[in-house]
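S.K.: The primary structure of each chain is shown beneath.
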Amino acid sequence: MDAIGLNNVLAIGAVLFVCGVICMTTKRNGIGVLMGVELVLNGANLNFVAFARYSSMGLDGHVISLFVIVLAAAEAAVALAIALNFYNNHLTIDVDRGDELRG
Amino acid sequence: MTIDQYLFALFALLTCGGAISVVICQNVVRMAFSLIISLASISALFFLLSADFVGATQLMVYVGGTIVLLIFGVMLTSSSALLQIRTSPAEGFLAAGIGVLFLSVFSFTVWSVDWDRNEAKLAGVTAVDVPPQDYNEASSGNTVRPLAMSFVGLRPDKAGKAPGYLLPFEIVSVHLLVVLIGAAYLARTKRRVSAES
Numbered sequence: 001m002d003a004i005g006l007n008n009v010l011a012i013g014a015v016l017f018v019c020g021v022i023c024m025t026t027k028r029n030g031i032g033v034l035m036g037v038e039l040v041l042n043g044a045n046l047n048f049v050a051f052a053r054y055s056s057m058g059l060d061g062h063v064i065s066l067f068v069i070v071l072a073a074a075e076a077a078v079a080l081a082i083a084l085n086f087y088n089n090h091l092t093i094d095v096d097r098g099d100e101l102r103g
Numbered sequence: 001m002t003i004d005q006y007l008f009a010l011f012a013l014l015t016c017g018g019a020i021s022v023v024i025c026q027n028v029v030r031m032a033f034s035l036i037i038s039l040a041s042i043s044a045l046f047f048l049l050s051a052d053f054v055g056a057t058q059l060m061v062y063v064g065g066t067i068v069l070l071i072f073g074v075m076l077t078s079s080s081a082l083l084q085i086r087t088s089p090a091e092g093f094l095a096a097g098i099g100v101l102f103l104s105v106f107s108f109t110v111w112s113v114d115w116d117r118n119e120a121k122l123a124g125v126t127a128v129d130v131p132p133q134d135y136n137e138a139s140s141g142n143t144v145r146p147l148a149m150s151f152v153g154l155r156p157d158k159a160g161k162a163p164g165y166l167l168p169f170e171i172v173s174v175h176l177l178v179v180l181i182g183a184a185y186l187a188r189t190k191r192r193v194s195a196e197s
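As given, the protein sequences belong to chains Z and X, one line each in that order.
Under the numbering used here, think of the first position of the first sequence as 1, with each following residue one higher.
Under the numbering used here, think of the first position of the second sequence as 1, with each following residue one higher.
Some clues are possibly wrong.
Now the in silico label distances, taken between C-beta atoms and shown as ranges [to be verified]:
(1) Z:Glu100 <-> X:Lys161: 52 to 58 Å
(2) X:Asp4 <-> Z:Ile82: 39 to 45 Å
(3) X:Asn27 <-> Z:Ile82: 19 to 25 Å
(4) X:Asp114 <-> Z:Val68: 38 to 44 Å
Over 10 Å on every C-beta distance to chain Z, these chain X residues come out as not near it, computed from the model [claimed, not checked]:
(5) Leu45
(6) Arg86
(7) Val152
No wet-lab data here; the hints were simulated from the structure.
Backbone N, C-alpha and C define an ideal beta-carbon position, used for all residues, glycine too.
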């Protein structure tokens, strides 16, 4: 039961979250920002599954992580369509170039 | 150390290393490859935490679907000059500092909570249900049948006291259909704007 330990899994989730946030903020490539979002969602998923494993709350963590996986797939599809449109209009994927709405 | 702990250490290293190299790499194709390594190791961690169905779903949907979608995005949007767009070193150092601060806050919070005491408190509040025959605890694996039952709205493992997930399941199915139609509408071919902008 205590072979792995809850704290170690939560620490991995924290590393994934921090990497995802840094990736989202520093990458200038639009696809790189998407990859950061995927990392953040996976860190959250890992926490849900770890709590389902190490607490007495049963199966709900598994169900919620399945919903997160489905919503992440939907988000990736829409964000990729937006990135393709951005590329068609600007001929680059650099997110710093998308400043037309700046006042 | 048992074999579980060795495997956990190996996949934890692969997960964290993949995530860090996603941040460090400047080339988009290498970032995608590191992301594949990281996500596949996360699914191995799910199997180690005895979440077999979630691990299989992670392999099929994330590694098999979402990553392929991202790689298509890389191929469709990158001419060779755009393959690497560099961030300035000052921004990199600033982000690294903020990341270390974030990580130390999270680690401090996680390690300072006494989870066993919380679990003892929780055990007094929620009644422990005896699962019916052929049902396993969530912490012992073989979760496909309880998950399928909860998605059609039945919770025999909670003796009917917990709600099932029929309505969220239907909502998320319709949501997925709408989102995929919308993505196909957004991504259809249109007249390309000339290159001067």
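S.K.: Confirm or reject each hint.
M.R.: Outcome of the hint check:
1. Z:Glu100 <-> X:Lys161: 52 to 58 Å: Since Glu100 of chain Z and Lys161 of chain X have Cβ atoms about 54 Å apart, the given range 52 to 58 Å holds.
2. X:Asp4 <-> Z:Ile82: 39 to 45 Å: Given about 42 Å between the Cβ atoms, the range holds.
3. X:Asn27 <-> Z:Ile82: 19 to 25 Å: Check passed, 22 Å falls within 19 to 25 Å.
4. X:Asp114 <-> Z:Val68: 38 to 44 Å: Violated, since Asp114 of chain X and Val68 of chain Z (Cβ atoms, about 27 Å apart) do not stay within the stated range.
5. Leu45: Non-interface label on Leu45 of chain X violated, nearest chain Z Cβ at 7 Å vs cutoff 10 Å.
6. Arg86: Nearest chain Z Cβ is 8 Å from Arg86 of chain X, so the label is violated.
7. Val152: Check passes; 12 Å lies beyond 10 Å.
Violated hints, in rising order: 4, 5 and 6; the structure is consistent with all others.
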